[in-house]
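For chain B, the structure is supplied; the task is to place chain G on it using the hints.
Protein chains in written order, with our numbering: chain B, 1 to 203; chain G, 1 to 222.
One thing to keep in mind: the hints can contain errors.
Said to hold, decoys possible - Straight-line alpha carbon distances no greater than 16 Å define the calculated EDC-like cross-link-like pairs of lysine to aspartate or glutamate that follow:
#, chain 1, residue 1, chain 2, residue 2
1, G, 202, G, 168
2, G, 109, G, 75
3, G, 62, B, 136
4, G, 62, B, 186
5, G, 109, B, 186
6, G, 62, B, 192
7, G, 62, B, 187
8, G, 109, B, 188
9, G, 109, B, 192
Claimed, not checked - Far from chain B, by Cβ distances over 10 Å, these chain G residues were calculated:
#, residue
10, 46
11, 68
12, 124
13, 172
14, 175
15, 195
Unchecked claim - If you anchor each label on the Cβ, the simulated ranges turn out as follows:
#, chain 1, residue 1, chain 2, residue 2, range
16, B, 191, G, 94, 31 to 37 Å
17, B, 160, G, 185, 17 to 23 Å
18, B, 96, G, 207, 42 to 48 Å
19, G, 20, B, 145, 46 to 52 Å
20, G, 45, B, 107, 50 to 56 Å
21, G, 33, B, 171, 31 to 37 Å
Since the hints were derived computationally from the structure, they do not count as laboratory data. As the structure is a computational prediction, the values presented were derived from the model and not from experiment. Ideal placement from N, C-alpha and C gives every residue a C-beta, glycine not left out.
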Amino acid sequence: MNPIDPRIHRALDGELAREDLPRELRLVVERLEAAAALLAAAPAVAGLEPRVMAALRRPAPSRMRRLVRWFSIPHAVTLRVRPVWSLALAAAVALLTLVPIDEGNGPVLGDHEGIAQFVGRFPDAQTVHVVGSFNDWRTGTIPLEDRDHDGVWRATVVLPTGTYEYMFVVDGERWVTDHLADRLVEDDFGRENSILIVRAARR
Amino acid sequence: MKLGLLLTLVTSPLAAQSVRSRLEARVPTGAVSTVDSLVQVAAREGLPTEPLVQKALEGGAKHVSAARIGAAAQEMLDQLRDARALLVRAGDAPPATAAEVTTIYAALKRGLPAPVVERIVAAMPQEPRGSALHSVADLAAHRFDPDSSASLIIDAAHQGLRGERLLDVSTAVVHELQRGHSRAEALAVVRRELPNVPAPPKPARASVAGARRPEAASPPPP
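Only chain B is shown next, with the shape it has when bound in the complex (with noise of 0.2 Å):
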């Protein structure tokens, strides 16, 4: 540790006069007297009771404010449950999570099944049914619905995966091609059929 000078000890008190010091020990009073000087000038730490009163006169927040606030300030969140509950709720969790849940009565599809899906507008019809070499060309057995009756028909159906030829048949004797398909193909008869690839509804 270095000890201050004496002097300078002294010549702080009023007891050496300044021009009896050395140069550098001058310089070293000056400074600490200017040091004294700042702290004498600094304002004064306010105490509890302004600091409460100020609080007080301030206006309260806003309700939108104050829940900000609450949202926005960390808070501690104790939570108080039986062990029993706890292994229960962890339980239904995971059962949500690990168990698929059935999503209808809709059927379970094979590898080699994919869904085909049928639309066409028929305005007028009373009955639309799809007709191809999925069904061995079988009238009658895979009708189409108009349910809000807009006179949009559709049918969405299980099939084999694979290439298939088909057409539409309206109020039973009118033939009609499904133009909105892809892949069309004459039919060697004087008409088009359309062509249907379904693809595994499992990839």
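Chain G alone, transformed into the frame defined by chain B:
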């Protein structure tokens, strides 16, 4: 060879017998005999018979005359022979399977030129070519050059795309065309991205849930 001959002798009458029972009451009487004899000829020649049966059933359902059904079946038999000859020309190892002959027949029926079909057969030995041929036919139906389309599909197969995934290549090309590209550009864009072509979306759960399994659903003919 002897085993093959034996199997042919045993299975042909069985096939013919089952065909008659399938045709009767559904096809005009006059056509049953014609189609039956054509089925027997096809069986003897080792050609697929199911497409002939399906054509007759289709004609019967559409109330086509017996003569027309017979003519359509005869024409189909000739086309099946052409399809098998094409497989031989393309270097496919004999005997050609019924499925392969039917696939080639379908591609020719869709209007693909025989040389293009031959090219695809030769480029994809020992693997199913049905999807590749449909993919090229899809592009040809959108007025793409069949040769350029075949080149793209063969490239896609060489880059690892197999089976039904080849159908996604033509779908991707058609999408590029719909986005405003010229045909040449659309082919080039998809070629650059190979083998990355978007897969089709899986059927929606609601669709699967609402789907019905038809009573008389039968797998496609070989």
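Comparing the hints with the structure gives:
About 13 Å separates the Cα atoms of residue 202 of chain G and residue 168 of chain G, which keeps this hinted pair within 16 Å; it holds. Annotation: proposed proximity of residue 109 of chain G to residue 75 of chain G holds, straight-line Cα distance about 11 Å (limit 16 Å). For the proposed pair residue 62 of chain G and residue 136 of chain B, the alpha carbon gap of about 12 Å is at most 16 Å, so the pair holds. For a cut-off of 16 Å, the pair hint linking residue 62 of chain G to residue 186 of chain B stands: about 14 Å separates their Cα positions.
A C-alpha spacing of about 8 Å is found between residue 109 of chain G and residue 186 of chain B, which places the hinted pair at or below 16 Å, so the restraint holds. For the hint pairing residue 62 of chain G with residue 192 of chain B, the CA-to-CA distance comes to about 12 Å; that is within 16 Å, so the pair holds. Restraint check for residue 62 of chain G and residue 187 of chain B: the C-alpha separation of about 11 Å stays at or below 16 Å, so the hint holds. Between residue 109 of chain G and residue 188 of chain B the alpha-carbon distance is near 10 Å, which keeps this suggested pair within the 16 Å criterion.
Of the pairs offered as hints, the one joining residue 109 of chain G and residue 192 of chain B holds, with about 12 Å between alpha carbons and a cut-off of 16 Å not exceeded. Against chain B, the non-interface label of residue 46 of chain G holds: every CB pair exceeds 10 Å, the least being about 22 Å. Not every Cβ of chain B is farther than 10 Å from the Cβ of residue 68 of chain G; the closest lies at roughly 6 Å, contradicting the non-interface assignment. Once the 10 Å rule is applied to beta carbons, residue 124 of chain G is consistent with being away from chain B; the minimum gap is 17 Å.
The non-interface label for residue 172 of chain G is consistent with chain B: the shortest C-beta to C-beta separation is roughly 14 Å, beyond 10 Å. Its beta-carbon lying about 12 Å from the closest one in chain B, residue 175 of chain G satisfies the requirement of being farther than 10 Å from that chain. Every CB of chain B lies more than 10 Å from the CB of residue 195 of chain G, the least distance being 16 Å, so the non-interface label holds. Evaluation of the 31 to 37 Å hint for residue 191 of chain B and residue 94 of chain G yields a pass: the beta carbon distance comes to about 36 Å.
Between residue 160 of chain B and residue 185 of chain G the beta carbons are some 38 Å apart, a value that contradicts the proposed interval 17 to 23 Å. Hint check: residue 96 of chain B to residue 207 of chain G, Cβ distance near 24 Å, so the stated range 42 to 48 Å is violated. The supplied range of 46 to 52 Å is broken by residue 20 of chain G and residue 145 of chain B, whose beta-carbon atoms lie about 36 Å from each other. At about 39 Å, the CB distance of residue 45 of chain G to residue 107 of chain B disagrees with the hint of 50 to 56 Å.
As the Cβ distance of residue 33 of chain G to residue 171 of chain B is approximately 32 Å, the hint placing it in 31 to 37 Å holds.
In this structure, the earlier hints numbered 11, 17, 18, 19 and 20 are contradicted, and the remaining ones agree with it.
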